[in-house]
Amino acid sequence: MEVIGYGDTTTIIDFSLKPVRDESGQVVLLIPEGRDISDRVHSEGNVYC
1 MEVIGYGDTT TIIDFSLKPV RDESGQVVLL IPEGRDISDR VHSEGNVYC
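Residue numbers for the sequence shown follow UniProt numbering, so the first one is 1 and each next one is one higher.
Do not take every clue at face value.
What the hints assert, rightly or not - Have a look at the derived ranges for each label pair, beta carbon to beta carbon:
hint : residue 1 : residue 2 : range
1    : 3         : 30        : 17 to 27 Å
2    : 20        : 44        : 25 to 35 Å
3    : 18        : 40        : 14 to 24 Å
4    : 4         : 24        : 39 to 49 Å
5    : 35        : 7         : 16 to 26 Å
Everything labelled a hint here was simulated from the structure, so no lab data went into it.
Model, not experiment: these values are computed from the prediction.
Just so it is clear, CB atoms sit at the ideal spot from N, CA and C, and this is done for glycine as well.
Using the sequences and the hints, build the whole thing.
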């Protein structure tokens, strides 16, 4: 996911959701997680922003 910030700044975020389930297997909570992977993407040459 690309996030456009102040000015022309673009940050590439690796975003995921982890479900937490109760005893019956129903999803009762989603835990969001996001990491800034801009440097890694740029260093690997996968620049798409």
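At the C-beta level, are residue 20 and residue 44 separated by a distance inside 25 to 35 Å?
At 32 Å between Cβs, range holds.
Does the hinted range 39 to 49 Å hold for residue 4 and residue 24 at CB?
holds, 41 Å
Please test the hint of 16 to 26 Å on the beta carbon pair from residue 35 and residue 7.
This hint holds: roughly 22 Å between Cβ atoms.
Satisfaction of the hinted span 17 to 27 Å by the C-beta atoms belonging to residue 3 and residue 30:
holds, 19 Å
Evaluate the given range 14 to 24 Å for the C-beta pair formed by residue 18 and residue 40.
Distance hint for residue 18, residue 40 holds at roughly 21 Å.
Of the numbered hints given earlier, the model fails none.
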